[in-house]
Amino acid sequence: MALRPPVPWAPLVIAEDHCKGCELCVAACPKGVLALDRGRVNALGYHPVELTVPAACTSCAFCARVCPDAVFTVWAAPRKASGEERSR
Amino acid sequence: MTLHSPGPASSGASGARLIYHKPDVLLDRSTHYCPGCGHGVVHRLLAEVMTELGLPPHTIAVAPVGCAVFAYDYLNVDFVEAPHGRAPAVATGIRRVRPEAFVLTYQGDGDLAAIGTAEIVHAAARGERITAIFVNNGIYGMTGGQMAPTTLLGQRTTSSPNGRDAALMGFPIRITEMLAQLPGVTYAARGSVADVPAIGKLKAMIKRACQVQIDGGGFAIVEALSNCPVGWGMTPQQSLEHLKGPVVETYPLGVMVDRGTASAAGPASGGSTGPSSTPGQPEP
Amino acid sequence: MTREKEIRMAPQFGDAQAEANRRARVLMKGNEAMAEAAIQAGCDAYFGYPITPQAELLEWMARRMPELGRVFVQAESELGAINMALGAAATGARVMVSSSSPGISLMAEGMSYMAGSGTPMVLVNVMRAGPGLGGIGPSQSDYFQATKGHGHGDYRVPVLAPASIGEAMELMATAFELAERYRTPVMLVADGILGQAMEPVELRFRTPERRAFDWALTGASGRPARIIKSIDLQPEILEKRNLALQHKYREIARREVRWESWRLEDAEFAIVAYGTAARVARSAIARARERGIKVGLFRPITLWPFPERELARLSRHLHGILTVELSSGQMVEDVRLAVEGRCPVAFHGRMGGMVPTPDEVLGALKALSAKATRTRESEHHVQMVGRGAPTPGHNESDVGAGVHAGARHGGRR
Chain A
1 MALRPPVPWA PLVIAEDHCK GCELCVAACP KGVLALDRGR VNALGYHPVE
51 LTVPAACTSC AFCARVCPDA VFTVWAAPRK ASGEERSR
Chain B
1 MTLHSPGPAS SGASGARLIY HKPDVLLDRS THYCPGCGHG VVHRLLAEVM
51 TELGLPPHTI AVAPVGCAVF AYDYLNVDFV EAPHGRAPAV ATGIRRVRPE
101 AFVLTYQGDG DLAAIGTAEI VHAAARGERI TAIFVNNGIY GMTGGQMAPT
151 TLLGQRTTSS PNGRDAALMG FPIRITEMLA QLPGVTYAAR GSVADVPAIG
201 KLKAMIKRAC QVQIDGGGFA IVEALSNCPV GWGMTPQQSL EHLKGPVVET
251 YPLGVMVDRG TASAAGPASG GSTGPSSTPG QPEP
Chain C
1 MTREKEIRMA PQFGDAQAEA NRRARVLMKG NEAMAEAAIQ AGCDAYFGYP
51 ITPQAELLEW MARRMPELGR VFVQAESELG AINMALGAAA TGARVMVSSS
101 SPGISLMAEG MSYMAGSGTP MVLVNVMRAG PGLGGIGPSQ SDYFQATKGH
151 GHGDYRVPVL APASIGEAME LMATAFELAE RYRTPVMLVA DGILGQAMEP
201 VELRFRTPER RAFDWALTGA SGRPARIIKS IDLQPEILEK RNLALQHKYR
251 EIARREVRWE SWRLEDAEFA IVAYGTAARV ARSAIARARE RGIKVGLFRP
301 ITLWPFPERE LARLSRHLHG ILTVELSSGQ MVEDVRLAVE GRCPVAFHGR
351 MGGMVPTPDE VLGALKALSA KATRTRESEH HVQMVGRGAP TPGHNESDVG
401 AGVHAGARHG GRR
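Here the protein sequences line up with chains A, B and C, keeping their order. Going by the working numbering, the first residue of the first sequence is number 1, and it counts up by one from there. Going by the working numbering, the first residue of the second sequence is number 1, and it counts up by one from there. Going by the working numbering, the first residue of the third sequence is number 1, and it counts up by one from there.
Be a bit skeptical, because a hint or two may be false.
[Claimed, not checked] Computed beta-carbon distance windows for the label pairs:
hint, chain 1, residue 1, chain 2, residue 2, range
1, C, R241, A, A56, 46 to 54 Å
2, B, A125, C, R223, 17 to 25 Å
3, A, R38, B, K244, 22 to 30 Å
4, C, R206, B, P99, 44 to 52 Å
None of these hints come from the bench; they were simulated from the model. From the three backbone atoms N, C-alpha and C, an ideal C-beta is built for every residue, glycine too.
If we strip away everything but chain A, and leave its shape as in the complex, we get:
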């Protein structure tokens, strides 16, 4: 089952309805670009996490490693080379 990158592009795909708002990812993110969206609640009743500055995300996946609910799917930005590099 091949996964497709998100359209429009974003380095993180967040399974919002599994997020419990524990904020461990917020603390773990070296760029500080994760935060709870306190303006809304998800189906579980928590404020889900959101990526505040997608351009600053380096796809380090620290968020994915600390998340107890496996909400993160992490993508690395497409390489800008003129066609010679393919990812595998």
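Following the hints, put chains B and C in place on chain A, whose structure we already have.
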């Protein structure tokens, strides 16, 4: 297969690389664990390791009584529920009649170090070829936060409201050290979910403990120091700080014993079976 | 079952002797005979812990199971043993555990889990005297434990009670059959005498057919994962699970009742007894018959399901029932429930490892017989008085009428 690289072209994002996606053996459903609870991390690490080693189709796992009683709802392998503390005995029965299976137990500290002390000691003494995952958060979470044999001195719980007093309630038990000196134990280690590097090292320990079984070794146990934000009365982040502070002072991290043969390199190579190691996974 | 298995059964005898044994009867100790019967019934794995008076069963298994490439584990305790059995049984293996009364108490939790999760197993209790550490003499004081107790929750296990070593061997195969057919633990209760005595037995064994199990844990390769569990936190779901269990127990009660009737065709009295007590009762009945008491034996072989319908039917024609047990009186409660006051039910028992003699039982039977005769004569007298002289107020016959009428309807001792 945990990760797939996308095909050559995806509209609007050609060449994007998948860095991390949770393994399929970890089912796509919300868990009942509290926000920030380390069980979720350990389940995920176990799912990653099992996938990397090709274990799910051969696995028969034993679920405990404790917060992880519903582990079988989250990990998509054959599971049997054990009475409180008895998982190592249940696993022994499975192992003896199913020599070809991969046999796994998952227990908390009340399950393993209180009511189940006899069962874990004797499974280890017999050198049963099983992999025991021991999640130690120093408290009885499921029943509302009572004192456990692993609760720290001075720690307040609902059954030690004035703090654990050694004179009345004894000292915390470092059970993995106790087990490590038994000849039947091939691998005994303690890791933690406290931060990204610790999680990486814990994953390597879990992988090693599984590899020991695959290689035909004896008993293997990994103790994962974990947090209980609700039981400890802390926020999730505070609870991880607590893990890095007082908890690890009582329960030092590291490998206590590894009597196995140095199998095909370490975890980085992805083990002897299953798909190759996934890119971007934490290195030990 | 192949000849090879029979011959290998008793390596100390040698092949030629074993061949002769096939056609002859061999002196065997009960514990060992039961163990071998389980082996020949296809037991894949045995888990146990030493306790008197069944240690020989464990020791026989310790020698024979590895010979046959099967599983033997002496666990760290009975707690360990029952849980190892749970694990092995969850994978579809044919599993047996044995112990004696105090050890069965420890296994109670495991029994409840196995009943709740539908895991088959055979458990042998070689009963000893209790309570507590008690003694190692024979006893039947675990009747309540076997039929009504051991673990918590709304469950039953079929309980088989042999009265001889040969019957124990035959019922061992039945036990495995019932366990697998109904996905339930099954208990076989013997006592210290059956376990320790030596009797001539025919080396005839039965191996129940193997079934394919669609619930067994074998590794989820090419199929959805399976879960063996007994928990359901939603009351609606747990109720459904319990209703299914109760339906199963009704099925078992309908189809699996076993009992023996001996010399009951013309009987006015019956002795109800099982196991070793039934053997004593047989001797007592023989003596009673010589003295003109028309008595027979009703011997339950399944203690659960208890042969209540058959006993109820029988009690309509009886003047009295004597229940004999090696206990304070446990099965007698089920006898009274089945009899529903149709005739008096008396009890005779010994405890602590003591075994009643046939003469003791005969004495109790004679007392029951005498009392029953007096009762019938008074009732006859009351009926005669009632028809002839309707005299209200206090007089001897009215007082007498009240007492005896009460005795007839209430079925009091």
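Against the structure, the hints:
no., hint, result
1, R241(C) / A56(A): 46 to 54 Å, "holds (52 Å)"
2, A125(B) / R223(C): 17 to 25 Å, "violated (35 Å)"
3, R38(A) / K244(B): 22 to 30 Å, "holds (27 Å)"
4, R206(C) / P99(B): 44 to 52 Å, "violated (28 Å)"
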